[in-house]
Amino acid sequence: MAQKMQFLAEDVAAAHEPSTAELKAWFDQHKDKFALPSRYSFRHLYFFPDKRGKNAPDDAAKALAKISGQPEDSKLAASLGDPFMFQDYYGDRTPDAIAKEFGPPFAVALEKLKSGSWQGPIESGYGWHLVFVDTVIPGRIPAFEEMEPDVKTAWLAEQKAQAWQKAYKEMRAKYTVLLPAPSEKEAPTPPPPTTKQVPAPSGEGLL
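Quick note: the sequence shown uses the numbering used here, first residue 58, plus one each step.
Be a bit skeptical, because a hint or two may be false.
What the hints assert, rightly or not - Using 27 Å as the maximum straight-line C-alpha spacing, the simulated DSS-like pairs for lysine-lysine come out as follows: (1) Lys169 - Lys111; (2) Lys88 - Lys223; (3) Lys157 - Lys169; (4) Lys171 - Lys123; (5) Lys231 - Lys88; (6) Lys90 - Lys169; (7) Lys108 - Lys123; (8) Lys226 - Lys111; (9) Lys88 - Lys169; (10) Lys157 - Lys111; (11) Lys119 - Lys171; (12) Lys132 - Lys171; (13) Lys108 - Lys119; (14) Lys90 - Lys157; (15) Lys90 - Lys231; (16) Lys132 - Lys119; (17) Lys132 - Lys169; (18) Lys108 - Lys132; (19) Lys169 - Lys123; (20) Lys171 - Lys157; (21) Lys217 - Lys132; (22) Lys111 - Lys123; (23) Lys169 - Lys119; (24) Lys209 - Lys223; (25) Lys81 - Lys209; (26) Lys81 - Lys223; (27) Lys132 - Lys111; (28) Lys209 - Lys226.
If you are wondering where the hints come from, they were derived from the structure by calculation, not from laboratory data.
Required output: the full structure, derived from the provided sequences and hints.
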């Protein structure tokens, strides 16, 4: 019954076609839901701890001194790092995607780097890296016109959820839930009766 009521409530909510003004007003109140994250493109040099041991971060720092001012595709830079199991260049990646690939600390450190030069070393879940940030596209909140179809989809989902909650509360208010009495095994055992101690009369006043 609850599922049937849900379908009916959602059908009623979907029957209302919102106006552009109505959607825009809703969008203005929920802009954060549609925020576009920053995106980064970068190249990195990898320094493998299993190969270099504790010297990996120092080796990366020494390599940085040699390639300072070198371009992103410098042959010298490529000769100083170790082979990486995945990509050497990552284009148009969000912080969340970078965090999934390299770990959250790496993503946080990358966001603080300036574009246009080799920087680091910074640590990831794989080891140490020198990073050349190529481009940064700052995050932004798009205009309503860019997102109108998505706004309508999100608005409709909210209307369906609200309609279902309202229908459920109205249906729930019509019923009283009766729970069965506990069985003898489940019933709590009453505490034993207490015996009140009455002091014996003293021998005073007796013949």
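Going down the list of hints, with the structure as the test:
Between Lys169 and Lys111, the direct Cα distance comes to roughly 25 Å. Compliance with the 27 Å bound is thereby established for this hinted pair. Annotation: proposed proximity of Lys88 to Lys223 holds, straight-line Cα distance about 25 Å (limit 27 Å). Between Lys157 and Lys169, the direct Cα distance comes to roughly 18 Å. Compliance with the 27 Å bound is thereby established for this hinted pair. For the proposed pair Lys171 and Lys123, the alpha carbon gap of about 19 Å is at most 27 Å, so the pair holds.
Between Lys231 and Lys88, the direct Cα distance comes to roughly 38 Å. Violation of the 27 Å bound is thereby established for this hinted pair. About 24 Å separates the Cα atoms of Lys90 and Lys169, which keeps this hinted pair within 27 Å; it holds. Simply put, Lys108 and Lys123 have alpha-carbon atoms about 21 Å apart, close enough for the 27 Å limit, and the pair holds. A C-alpha spacing of about 62 Å is found between Lys226 and Lys111, which places the hinted pair above 27 Å, so the restraint is violated.
A hinted pair counts as satisfied when its Cα atoms are at most 27 Å apart, and Lys88 with Lys169 qualifies at roughly 25 Å. Straight-line distance between C-alpha atoms of Lys157 and Lys111 comes to about 25 Å, which keeps the hinted pair within the 27 Å bound. Under the criterion of a C-alpha separation no larger than 27 Å, the hint pairing Lys119 with Lys171 is consistent with the structure, at around 20 Å. This hinted pair checks out: Lys132 and Lys171 have alpha carbons roughly 22 Å apart, not beyond 27 Å.
A distance of roughly 16 Å separates the Cα atoms of Lys108 and Lys119; the hinted pair therefore holds under the 27 Å criterion. Simply put, Lys90 and Lys157 have alpha-carbon atoms about 21 Å apart, close enough for the 27 Å limit, and the pair holds. Distance hint between Lys90 and Lys231 is unfulfilled; the C-alpha atoms sit about 36 Å from each other, more than 27 Å. For the suggested pair Lys132 and Lys119, the alpha carbons sit about 16 Å apart, so the restraint of at most 27 Å is met.
Between Lys132 and Lys169 the alpha-carbon distance is near 26 Å, which keeps this suggested pair within the 27 Å criterion. Simply put, Lys108 and Lys132 have alpha-carbon atoms about 22 Å apart, close enough for the 27 Å limit, and the pair holds. For the suggested pair Lys169 and Lys123, the alpha carbons sit about 22 Å apart, so the restraint of at most 27 Å is met. As the CA atoms of Lys171 and Lys157 are separated by approximately 21 Å, the hinted pair is consistent with the 27 Å bound.
For the hint linking Lys217 to Lys132, the alpha-carbon distance of about 58 Å lies beyond 27 Å, and the restraint is violated. Simply put, Lys111 and Lys123 have alpha-carbon atoms about 20 Å apart, close enough for the 27 Å limit, and the pair holds. A threshold of 27 Å between alpha carbons decides the hint, and for Lys169 with Lys119 the separation of about 21 Å falls inside it, so the pair holds. The straight-line distance between the Cα atoms of Lys209 and Lys223 is roughly 21 Å, inside the 27 Å bound, and the hint therefore holds.
Of the supplied pair hints, the one linking Lys81 and Lys209 holds, its CA atoms being roughly 9 Å apart against a limit of 27 Å. Among the hinted pairs, Lys81 with Lys223 is consistent with the structure: their alpha-carbon atoms are about 24 Å apart, no more than 27 Å. At roughly 26 Å between alpha-carbon atoms, Lys132 and Lys111 fall within 27 Å of each other, so this suggested pair holds. Distance check on the hinted pair: Lys209 and Lys226 sit about 26 Å apart at the alpha-carbon level, within 27 Å; holds.
Checked against the numbered hints given earlier, this structure breaks hints 5, 8, 15 and 21; the rest are met.
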